[in-house]
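Asker: Using the sequences and the hints given, assemble the complete structure.
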Amino acid sequence: MRAGSLQIGWCLVVILSRLIAMADVPQVPPPVFFEEVSGRGEPVSKPQLAADPQPWDIGSPTDDEQLYVEYINRARLDPRAEALRLMAPVDPDIQAAYAFFNVNTNLLVSQFAGILPAPPVAIHAVLTRAAREHSTWMLVNGTQTHEEAALSSGDRIAAAGYPWKSGGGVGENIFAFAKSVVHGHFGFNTDWGNGPGGMQSPPGHRNTIHDRKFREIGVGVVYGTNTGPSGTVGPGLVTQEFGYLNGARPYVTGVAFYDFNNNGFYDTGEGLGGIRVELEGATHYATTTRSGGYAIPFASGGVKKLTFSGAGFSKDQRLVNLVSGTNLKADFTPPYVAPTVKGPLVAPIQTDSLFLAGPFQGASRYRARVLRFTPATATEGAEGDLSPFHVSIAPGYSLRVTDVRHEGAASFHMAHPFQSSVPSVTDQTMEFKDSFGPRSGSQLLFFSRLGWASPLQAASVRVSSDEGRSWQTIWSRAGTGNAGESAFSQVALPLSAYAGKSIRVRFVYTLQTGGGFFPQTQAGVGWYIDSIRFTSVDRAVNAGDFEVPSSGEFLFRPSDTLVHELSVRAETEHRTFPYGPPIEVTGATSVPSAEIALDGFRQLSASRSVISYRLIRGTPTSVLIQGFETLTGPRTRMGGVVRAVGGQRYEIEFDRNPGASTSFFQLLAQ
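Take the sequence shown: its position 619, counted from the start at 1, is 619 in the working numbering, and no numbers get skipped.
Rather than coming from a laboratory, the hints here were simulated on the basis of the structure.
It cannot be assumed that every hint is accurate.
Here are the simulated DSBU-like pairs of lysine-lysine, each with C-alpha atoms no more than 30 Å apart in a straight line [unchecked claim]: (1) 433 - 501; (2) 329 - 165; (3) 304 - 315; (4) 165 - 213.
Answerer: In C-alpha cells, the structure reads:
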C-alpha cells in the first residue's frame, strides 16, 4: 500500500486516497484460450444413458461464490439494465474506486449499449475447484497474477480436469483486493483502471463476463491478507474460470432461495439446499447445493416440464421452453413467510403451557428463543467493564479512556489508527449485546464529542430491527477537518418508530476512502461517547433457547410475572433462518386450571361436524360444545365424542341439531 502525508499543526493526516493502490485493480486477463478441434469434446462428467436419471453434481459453491455467479448471469441476461446499476453504486468502497479512477459513467453506459444479451452460465465443479486453488495460491504468495510459475491459466484449468484442449475454450478473471462480493463484481464489470474514462482498454474482464461462447463457470473465493510482490492482498481474493466444451450439452441452471429482503434477487444466506430438480426427458437430475445452486444438462430443445420438490416443499412444476444448444435460467423462489408462535398470552408460572411453532415450508426443526423484558434504567459510562458490548476496533488503542470524559471516571473512545501492514482502515464498532424494546416516546440519550476528524470520518448510531441483517443510521456527524468539538453535548434520538419491535443498537465510527484522515489515538482525536441511557425502553435479556421438533409443538413455563417475548426460527439440514415475529407472554400466578385452543373445523355431512383443538395446559375432566345462532343468542349444549390425534391434539365429533340453523360453536374445557 502507498500513503502520502502532510503536517497540519501537530496532527498528522494520512491521505487515504492513495490507499487505493494501483494493485487494487483486477489484473488484465489473458486472451481467451480456445482449441477448435473437430469432433465432440468430452464433458468432465459425461452424461450416461440410463433408465433412471442420474445425479448431476456441481460441487459445493459457497454463498459468496453463488452470489458472484448470480451477478454475472444478471449482467449477461440484461447488459443495459446492469449498466444502470453500475452507473450509480451505493457501496462506499466502489464509490471511492470510481472517484480514484475518475470513472466516466456516461461512457460506461454507452459501452454497455453495444453488448448483446447472453445466456446464463452454469456452475461446473471442476472449474470451481480450479478457481479456488488459484485464489488460495495468490493468498499464500501475496500476489495477483494469472500465472503460477510456468503454468498459464489455460494449463492450470486443463490440469484440474477440464478438457478444453480437446475442443473448447476457457477464460479467467482474477482480483486479489476485493473488499466484498459486490465490490469485486463492480471491479470486473466496470473494469476500472487507468484507461480512457477510468476503465481498462480493452475491458477484458467485462468482455469475458459477457462472452456468449461460455456455458460453464467456476468461482473460487478465499479470505485473508498477506503481503508479497503485489503488496498486501485481501481481504477477498476471487478467481472466475469460464469455459465451454465443443459438443457438450447445454444446461437448465438456476438457484433456489428465500427472498428475505424482497429485493427480487439472490443474496447470501438465502439459498435453499436439498431440493430435487427434475427436467422432463433429461438423463440427469439435480439436488440444490447449500447455496441453492443447481444445473441439469439436456440434449434437445422444446417445451419440457421442470419440477422442484422435496426438502419439505410442495411440488412446484412449470413448463420451460428449451432452445437447443442454449443454457436456460430457472430459479425457485417460494414465498417466505416467517414462522409464528401460537399459544396463550397469559401463562402460569407454576405449570407448562403448550405452544405451537410454524408452519414453515422446508423446516426439519425449529428453535425457540425466550427474551425477558425489564426496564432499561442503567447508564453506560465506561466506568465498568465492556461486558455489555460486542466490540470490534483496530489494534493499537483502548476503547475505554479516562483522560477525556463528560462525567464519572471514564468514557468510550473510537479512532482510526493507521498501520501500513493493514490494507484498509475498518469501521470501529461498539454494539449492545442485549436487544431493546422501545415504546411510544422512547429515546436513546448519550453525550458525544467529535474531536480531530476529517470529513471522511463520521460518528454514527445505527439500529437493526431484523436481527442484525440490515442496519439503519438514525444519527450521523462527520468531522470538520480540524480540532472539532472541545466539549461534550447531549444527543437525544427518538425510538418511537421502532415501538413494538426488538432492536439492536450500535455505535459506529466510519471512515470512507478517497481523502485524508486523522490516524492518531491520543486525547482530542476521534469520537468520544459517554453516559449512554434509554428512556421508556425495555431491555431484552436472553432467557434461553431450545430446540423444537418438526411438529412445532413445545411446552413453555414463564420464570416470573414479567413479560416474556417468545419467537421461533426454522432450521433445515442446510440453513438456519431468521427468527419470526414474537408474541408476548406474561407470567401469572392465577390462571384457569385447564385451557384449550381451537385449530380447525370441518363438516362431515349436513348434520355431522368435527372440531380440532389443542390442550394448552391442565387436564380437563370434560370438553363440551355449545351451539348458537347469533353471538348474543342463547346457547344449546351439544353432545360429542372426543378422540386423541397425537401429542396434545384432539378432535371432537358431534351431531348438529336437526333443522337448527346453528352458525356458531363454542368449545368449553371443564
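Asker: So which of the earlier hints does this model not fit?
Answerer: none
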